[in-house]
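Number of protein chains: 2
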Amino acid sequence: MTDGISTQVRLVRRPDGLPVAEDFEIVTERLRALRHGEARVVNDFVSVDPYMRGRMREGASYIPPFELGQTMTGDAVGRVVESRSADLRVGDLVTHFLGWRDVAQGDGKLFSRVDELPGLSTSAYLGPLGVTGFTAYVGMTHIADLRDGDVVFVSGAAGAVGSVAGQIAKLKGAARVIGSAGSPEKVTALTERFGFDAAFDYHTPDPARRLVELAPEGVDVYFDNVGGPLLEAAVEVMNDFGRAALCGSISGYNSEEEAPGPRNLGQLVSRRLTLRGFIITDHQDLYGRFREEMAAWLADERVVTEETLVEGIDRAPEAFLGLFEGRNTGKMLVRV
Amino acid sequence: MTDGISTQVRLVRRPDGLPVAEDFEIVTERLRALRHGEARVVNDFVSVDPYMRGRMREGASYIPPFELGQTMTGDAVGRVVESRSADLRVGDLVTHFLGWRDVAQGDGKLFSRVDELPGLSTSAYLGPLGVTGFTAYVGMTHIADLRDGDVVFVSGAAGAVGSVAGQIAKLKGAARVIGSAGSPEKVTALTERFGFDAAFDYHTPDPARRLVELAPEGVDVYFDNVGGPLLEAAVEVMNDFGRAALCGSISGYNSEEEAPGPRNLGQLVSRRLTLRGFIITDHQDLYGRFREEMAAWLADERVVTEETLVEGIDRAPEAFLGLFEGRNTGKMLVRV
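Keeping their order, the protein sequence lines are chains H and E.
As numbered in this note's numbering, residues 1 to 336 make up the first sequence, in order.
As numbered in this note's numbering, residues 1 to 336 make up the second sequence, in order.
If you are wondering where the hints come from, they were derived from the structure by calculation, not from laboratory data.
Backbone N, C-alpha and C define an ideal beta-carbon position, used for all residues, glycine too.
Treat the hints with care, since some could be wrong.
Short derived list, chain H residues pointing at chain E, Cβ under 8 Å [what the hints assert, rightly or not]:
| no. | residue |
| --- | --- |
| 1 | Tyr-62 |
| 2 | Arg-263 |
| 3 | Arg-272 |
| 4 | Leu-273 |
| 5 | Arg-276 |
| 6 | Gly-277 |
FRET-style restraints, in silico, Cβ to Cβ [claimed, not checked]:
| no. | chain 1 | residue 1 | chain 2 | residue 2 | range |
| --- | --- | --- | --- | --- | --- |
| 7 | H | Arg-57 | E | Gly-59 | 40 to 50 Å |
| 8 | E | Thr-28 | H | Ser-255 | 55 to 65 Å |
| 9 | H | Gly-149 | E | Ser-255 | 33 to 43 Å |
| 10 | E | Asp-282 | H | Val-12 | 28 to 38 Å |
| 11 | E | Asp-201 | H | Asp-282 | 51 to 61 Å |
| 12 | H | Gly-218 | E | Asp-206 | 33 to 43 Å |
| 13 | H | Ile-26 | E | Gly-59 | 29 to 39 Å |
| 14 | E | Ser-112 | H | Arg-57 | 49 to 59 Å |
| 15 | H | Phe-97 | E | Leu-286 | 41 to 51 Å |
The following residues of chain H were derived to be distant from chain E, with all beta-carbon distances above 12 Å [said to hold, decoys possible]:
| no. | residue |
| --- | --- |
| 16 | Leu-110 |
| 17 | Asp-201 |
| 18 | Leu-214 |
| 19 | Glu-232 |
| 20 | Arg-243 |
Only chain H is shown next, with the shape it has when bound in the complex (with noise of 0.2 Å):
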């Protein structure tokens, strides 16, 4: 049960540039009773993404853009406290996308019931097991066509999708795993922590010859989180028949003006390079079978995670704005 009051973050001004907080409005909204098939949900964690930043732009993309007003949307977990919904139960833990805000309500199809694995914690079903993990097993696996065998370079290491792509490239048989992040606690996080073969500070002048010393062999598969000079620079080093899985390009994310993309597209051709973007959200198709793999992985520790927490609803543009400024290792993630 809840005091019937629920707290949520509100975009109010599409931010120019880099967001800041006064984008956000925070609002308390008294809930009303629920009707029949509706229920209330009191968030135990609330994801905050990098891919939000596009939908803070007007414009149709492969997802509608936020509303001006509205509360924001994205993923998050929680337990049921009431229900009149004949498909979850008081206690159930859900997933769901109604964002910003600790406690939820809506009709029951909006929530989706966690089948619960032993000795996580429940922030683990949007981490590893949730669309950051789906993310990175897809991309790494589907897109990527990662082979045995396989260079790989993985950029954004150290954040939530980077830092499980590198290590289900390492658990499907890639010969070396290279990551880039940006500071010198993260690079060292991605070798002791993550198992990464060797990492780099992105902020090097010339990442192209960074890579060429820490994968003398060439890089056959590259997973993009960052876009602008990583990709070029992966563009630069990638052996004949190489992959590239674009996920995101963080460095571009809060530039009005796109910046000028990677010179040595040419070289697409001459070493036959495929650059291929994808969206989670297409490939339902592999979940069952990532799940199955990715809780074998959890409950080994062969997959180990990291999360950077911000505590408080309140506080949730604060974790957004952190993602921009790298403050995260791991999952970026507000504890309700």
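On the provided structure of chain H, position chain E as indicated by the hints.
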């Protein structure tokens, strides 16, 4: 028989930017008598191709660079005039890679006997039935994975590969094929002669806008012969799950500095686009199927081609330079 003199064109200096006549030297060589296993061929036609510009640079690529002081290699077609090879008879039509010379000789294994089809100029074995046509076929059907009802855009569409690629698209079920070319005459040729549904001059200040006008339903497949601004424009208008076959990027071949790439590669993610480079020599397994289909299309005149001929092997450099000035419609050839 010949008088035993071969006129040949050698590369004597690596071009700086656009090649000039002084980068080449015309030499005549007295051919020695054939040895056992060898044949002598008088060429009908010698091919000049944009990709040769890349081979004029030092450094490894998918094909080794031309050596200074050596005769330019490349595709040619001619007839055997003398043979000490058991596999070749006088009068046989052959294709080979011995390049810019009027008379070629060497081991019989260097020459491939052509199974001649009725009613075709021997130049067809360099053009629609040769590497040119095969490149168009593989790029459109295999790399871009053309599907029924696709809207297709071909850049460099009045060129040797582009003009055939557009026609193959129509024959293979494209709903609509749009081409770009570099002069009003070529634009007219695209719709009047090669059966494109629409065409535009790439010198337009905003090619993406022209594409939106000509393909308001968006583009599913892009066949790229040009790179640079046209690749950017194509990405801008591609539909979800669009596929680009990257065949070459003539816009950049003469630059020593690589030009900035497309600014809009972030759209590869949001619209799940694939860019894939290819080199025709990787796809010999598709040659049999290609040859059968193309022979039928040519016999029925469902594929038509143009040639731009320059007379005399000593004018091969001029023909080659003409490629970069857009002087050719269809295949540029030297008639020997």
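Review point. Checked against the structure, which of the hints given earlier come out wrong?
Key: 10, 11, 13, 19 and 20
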